[in-house]
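Peer 1: Next come the chains, spelled out residue by residue.
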Amino acid sequence: MKKLSARRRHPLAALVVLLLALACTGGLYAAFAPAGKAQADETAQSLAIDEGKKLYAVGCASCHGTGGQGTSDGPSLVGVGAAAVDFQVGTGRMPAQQPGAQVPKKKVIYSQAEIDQLASYIASLGAGPSVPSEEKYGPEGADIAKGGELFRTNCAQCHNFTGKGGALTHGKYAPTLEDVDPKHIYEAMQTGPQNMPSFPDTTLSEQNKKDIIAYLDAVNGDETVDPGGLSLGGLGPVSEGLFGWIFGLGACIAVAVWVAARTAKAKKS
Amino acid sequence: MSTAANDAPRSRGKAPAGERVADWADGRLGIYSLAKANMRKIFPDHWSFMLGEICLYSFIIIILTGVYLTLFFHPSMNEVTYHGSYVPMQGQLMSEAYKSTLDISFDVRGGLLIRQIHHWAAIIFLAGMFVHMMRVFFTGAFRKPREINWLFGFLLFVLGMFTGFTGYSLPDDLLSGTGVRFTQGAILSMPVVGTYISMFLFGGEFPGTDFVARFYSIHILLLPGIMLGLVVGHLILVFYHKHTQFAGPGKTNKNVVGMPLLPVYMAKAGGFFFLVFGVIAAVAGLVSVNPIWAIGPYRPDQVSTGAQPDWYMGFAEGLVRAMPGWEINAWGHTLVLGVFIPLVIFGIFLALIALYPFIESWVTGDKREHHILDRPRNAPTRTAFGVAWVTAYMVMLIGGGNDIVATHFHLSINAVTWFVRIGFFAGPVIAFIVTKRICLGLQRRDKEKVLHGRESGIIKRLPHGEFIEVHEPLSQEQLHTLTAHEQYKPAEIGPTVDENGVERKAKGTDKLRAKLSEAYYGEESQIPKPTVEEYKEITSGHGHH
Numbered sequence: 001m002k003k004l005s006a007r008r009r010h011p012l013a014a015l016v017v018l019l020l021a022l023a024c025t026g027g028l029y030a031a032f033a034p035a036g037k038a039q040a041d042e043t044a045q046s047l048a049i050d051e052g053k054k055l056y057a058v059g060c061a062s063c064h065g066t067g068g069q070g071t072s073d074g075p076s077l078v079g080v081g082a083a084a085v086d087f088q089v090g091t092g093r094m095p096a097q098q099p100g101a102q103v104p105k106k107k108v109i110y111s112q113a114e115i116d117q118l119a120s121y122i123a124s125l126g127a128g129p130s131v132p133s134e135e136k137y138g139p140e141g142a143d144i145a146k147g148g149e150l151f152r153t154n155c156a157q158c159h160n161f162t163g164k165g166g167a168l169t170h171g172k173y174a175p176t177l178e179d180v181d182p183k184h185i186y187e188a189m190q191t192g193p194q195n196m197p198s199f200p201d202t203t204l205s206e207q208n209k210k211d212i213i214a215y216l217d218a219v220n221g222d223e224t225v226d227p228g229g230l231s232l233g234g235l236g237p238v239s240e241g242l243f244g245w246i247f248g249l250g251a252c253i254a255v256a257v258w259v260a261a262r263t264a265k266a267k268k269s
Numbered sequence: 270m271s272t273a274a275n276d277a278p279r280s281r282g283k284a285p286a287g288e289r290v291a292d293w294a295d296g297r298l299g300i301y302s303l304a305k306a307n308m309r310k311i312f313p314d315h316w317s318f319m320l321g322e323i324c325l326y327s328f329i330i331i332i333l334t335g336v337y338l339t340l341f342f343h344p345s346m347n348e349v350t351y352h353g354s355y356v357p358m359q360g361q362l363m364s365e366a367y368k369s370t371l372d373i374s375f376d377v378r379g380g381l382l383i384r385q386i387h388h389w390a391a392i393i394f395l396a397g398m399f400v401h402m403m404r405v406f407f408t409g410a411f412r413k414p415r416e417i418n419w420l421f422g423f424l425l426f427v428l429g430m431f432t433g434f435t436g437y438s439l440p441d442d443l444l445s446g447t448g449v450r451f452t453q454g455a456i457l458s459m460p461v462v463g464t465y466i467s468m469f470l471f472g473g474e475f476p477g478t479d480f481v482a483r484f485y486s487i488h489i490l491l492l493p494g495i496m497l498g499l500v501v502g503h504l505i506l507v508f509y510h511k512h513t514q515f516a517g518p519g520k521t522n523k524n525v526v527g528m529p530l531l532p533v534y535m536a537k538a539g540g541f542f543f544l545v546f547g548v549i550a551a552v553a554g555l556v557s558v559n560p561i562w563a564i565g566p567y568r569p570d571q572v573s574t575g576a577q578p579d580w581y582m583g584f585a586e587g588l589v590r591a592m593p594g595w596e597i598n599a600w601g602h603t604l605v606l607g608v609f610i611p612l613v614i615f616g617i618f619l620a621l622i623a624l625y626p627f628i629e630s631w632v633t634g635d636k637r638e639h640h641i642l643d644r645p646r647n648a649p650t651r652t653a654f655g656v657a658w659v660t661a662y663m664v665m666l667i668g669g670g671n672d673i674v675a676t677h678f679h680l681s682i683n684a685v686t687w688f689v690r691i692g693f694f695a696g697p698v699i700a701f702i703v704t705k706r707i708c709l710g711l712q713r714r715d716k717e718k719v720l721h722g723r724e725s726g727i728i729k730r731l732p733h734g735e736f737i738e739v740h741e742p743l744s745q746e747q748l749h750t751l752t753a754h755e756q757y758k759p760a761e762i763g764p765t766v767d768e769n770g771v772e773r774k775a776k777g778t779d780k781l782r783a784k785l786s787e788a789y790y791g792e793e794s795q796i797p798k799p800t801v802e803e804y805k806e807i808t809s810g811h812g813h814h
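Quick note, the sequences are listed as chains A and B, same order. Quick note on this note's numbering: the first sequence kicks off at 1 and runs consecutively. Quick note on this note's numbering: the second sequence kicks off at 270 and runs consecutively.
Rather than coming from a laboratory, the hints here were simulated on the basis of the structure. Accuracy of the hints is not assured; some may be wrong.
[Unchecked claim] Pulled from the structure, derived: some chain A residues nowhere near chain B, Cβ distances all over 12 Å:
1. Tyr29
2. Ala44
3. Thr71
4. Lys172
5. Ala174
6. Gly229
[As the list claims (entries may be wrong)] Pair ranges (Cβ atoms, derived):
7. B:His602 to A:Val257: 51 to 57 Å
8. B:Leu680 to A:Leu22: 54 to 60 Å
9. A:Thr66 to B:Leu362: 52 to 58 Å
10. A:Thr66 to B:Ile691: 45 to 51 Å
11. B:Val427 to A:Gly79: 55 to 61 Å
Note that the structure is predicted; figures quoted are calculated from it, not measured. Ideal placement from N, C-alpha and C gives every residue a C-beta, glycine not left out.
From just these sequences and the hints, can you work out the full model?
Peer 2: The following block contains the structure:
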């Protein structure tokens with residue numbers, strides 16, 4: 001040990017330490033890196049990646065760059081994960097039709113199989129959130145009331161009380177969450193598409209996400225019954241006021257005109 | 270087998286039950302003379318005279334349903350856990366006020382329907398008052414002797430706004446809580462007194478534990494009490510002044526042509542009450558309003574987008590949304606102009622319409638009684654002013670819902686806000702000019718009709734080949750109606766030298782008044798109505814031009 005301590009101020013000591021550290025990191029990486037996993041289902045996986053790469057080159061590369069590195073027209077896709085691809089392409093937002101304040105939801109042009117291939121390719125560019133399995137967003141074991149509270153705390157300021165959507169600055173908007181696939185809601189929370197902040201599991205746990213999705217299904221799903229009758233879009237007092245003026249007061253005035261027109265006949269003398 | 274009683278000679282027999290009751294009451298209340306004087310009171314017939322009735326009936330409906338709601342509502346901010354029948358709220362912490370509103374909606378028999386009737390009736394009540402007020406404004410029914418009644422009506426509208434606001438805040442849901450917070454912000458923006466008022470009103474820091482109970486007594490007792498008194502006063506004055514009427518043959522400033530209160534208007538008004546009740550009940554039965562269960566309980570750390578007040582406060586909301594967020598920081602104090610200026614404009618804007626009758630009578634110097642209504646076209650400056658006022662109001666309603674407008678018309682919210690900012694100033698000016706032009710155009714049309722008759726649409730070819738359109742002359746009644754209005758001369762400053770030839774200096778207010786009067790009644794502001802000579806000259810001539 002004396003020898004070592006005597007040489008620790010040698011000019012080359014730092015270099016040796018650096019080399020050792022590099023060797024150590026490299027060795028650990030080699031030991032734990034996805035290499036082993038990749039080998040397990042190599043054929044299927046790499047086939048999907050290859051197919052995805054082809055699809056990517058045709059549909060996405062013009063904006064996101066040939067290797068997903070991003071260009072001035074589109075962000076880098078390295079590390080966005082399969083969940084982001086499944087959301088963006090699965091809701092028809094990507095491929096984008098035109099630049100604008102926000103890319104809207106539109107008709108989905110890829111089949112789910114193609115979307116999965118694209119997702120595999122993007123996932124191979126760098127680690128990111130993967131597509132959630134069904135039990136993560138299914139209704140089992142979810143607390144609707146808790147989900148409502150979480151929704152009002154984290155989501156309502158942009159998406160409205162029950163997810164009817166709302167305006168953001170300069171033409172951007174938080175879309176309505178009606179008829180959105182629970183899987184896509186989950187992925188959106190995880191990846192934070194476009195103007196939305198992301199809510200990774202450290203912010204909203206898997207259980208929290210499940211609760212929120214269950215709440216949305218309860219208040220905004222296909223089988224939701226509005227106890228009060230027509231909901232007028234669930235937009236609150238603006239649509240209520242408009243309805244009250246046009247149909248409420250309008251009907252009263254129509255009735256008034258009708259009553260006034262039916263008067264007692266004056267006696268002709 | 271006959272008894273003495275039966276044998277006794279019968280006099281005239283007993284009076285019918287109704288007469289006996291009336292006799293009994295008259296002996297104690299003296300209602301006979303009152304009824305005699307008023308039962309045959311004449312009311313003119315026009316649908317627009319029934320707008321006030323819509324307000325009265327919806328007000329009655331609000332009171333009736335409101336009484337039912339007080340039986341089940343708990344005005345308390347104690348925190349409780351919900352265990353009622355609405356599943357998405359199970360186990361949530363909320364105030365008792367919110368919980369009891371959920372219970373009214375889901376667990377009280379008929380509760381949700383009554384709640385919705387109450388709320389829809391309030392929306393329609395305020396809208397009805399707005400339209401009724403505009404009817405009175407545009408027909409000049411606010412002129413002497415009805416200025417006080419105009420103020421009563423205006424007060425009813427403003428008190429209605431605040432009664433609505435306090436009621437809307439009672440359920441302590443997230444939407445209304447946001448509105449209360451907004452109001453507290455407006456109170457805080459008042460220099461010097463703001464913080465004191467806020468601390469007093471909320472019993473400490475916002476939200477505290479008092480405001481629901483306080484708003485409750487304001488909402489169910491204080492404001493409706495004052496409003497009820499004003500409504501009674503309003504109606505007594507309508508009786509006392511007698512109703513106005515539109516010009517027409519046989520209708521003068523000294524009579525009222527129409528139908529008697531009893532039986533015609535009693536039947537009509539009674540029927541109309543049930544029709545209005547029916548319309549409101551149908552709307553309430555079919556359409557949801559303020560679904561507080563979907564909105565959630567109020568918590569100061571939560572907020573939703575699309576948080577607007579009911580429509581009658583939308584104007585104030587719009588002013589604040591459109592105003593740039595200016596503030597002045599000096600000597601450790603902040604003056605929040607971004608909120609305070611809208612608050613001031615809100616007051617001035619409402620005061621403007623309230624004081625208009627007095628402004629107009631000052632400008633025109635007209636102190637006579639008016640019982641014949643103006644057609645809006647025959648008072649172009651007033652009509653233009655009213656339309657300008659309504660335009661500014663409507664622009665601000667758009668401003669209050671700028672986010673909903675933005676999302677539903679796919680616009681940028683910033684663009685909507687800028688439209689509102691510019692529109693608030695430019696809109697009324699454009700509306701004023703356009704309305705005045707339209708009024709003058711309509712006056713010209715009336716003049717044309719009087720002088721040349723109605724266009725019949727029949728084209729006739731004369732023997733020498735000329736084509737003419739046949740004009741049908743109007744009937745005497747129509748001619749009267751179209752020319753019954755009075756045309757005023759602009760007020761003059763008056764002689765600038767007195768009787769001794771000493772020069773008198775015209776006061777500044779006199780000059781202003783002369784200018785405004787010129788704007789009201791100058792050559793630019795009215796088309797001289799056809800004179801008898803003009804009419805005779807044209808009608809006595811050989812056919813039409």
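Peer 1: If a hint holds in the structure, say so; if it doesn't, say that too.
Peer 2: Comparing the hints with the structure gives:
no. : hint                             : verdict
1   : Tyr29                            : 44 Å, holds
2   : Ala44                            : 42 Å, holds
3   : Thr71                            : 26 Å, holds
4   : Lys172                           : 8 Å, violated
5   : Ala174                           : 7 Å, violated
6   : Gly229                           : 5 Å, violated
7   : B:His602 to A:Val257: 51 to 57 Å : 56 Å, holds
8   : B:Leu680 to A:Leu22: 54 to 60 Å  : 56 Å, holds
9   : A:Thr66 to B:Leu362: 52 to 58 Å  : 54 Å, holds
10  : A:Thr66 to B:Ile691: 45 to 51 Å  : 47 Å, holds
11  : B:Val427 to A:Gly79: 55 to 61 Å  : 59 Å, holds
Violated hints for the displayed structure, listed by number in ascending order: 4, 5 and 6.
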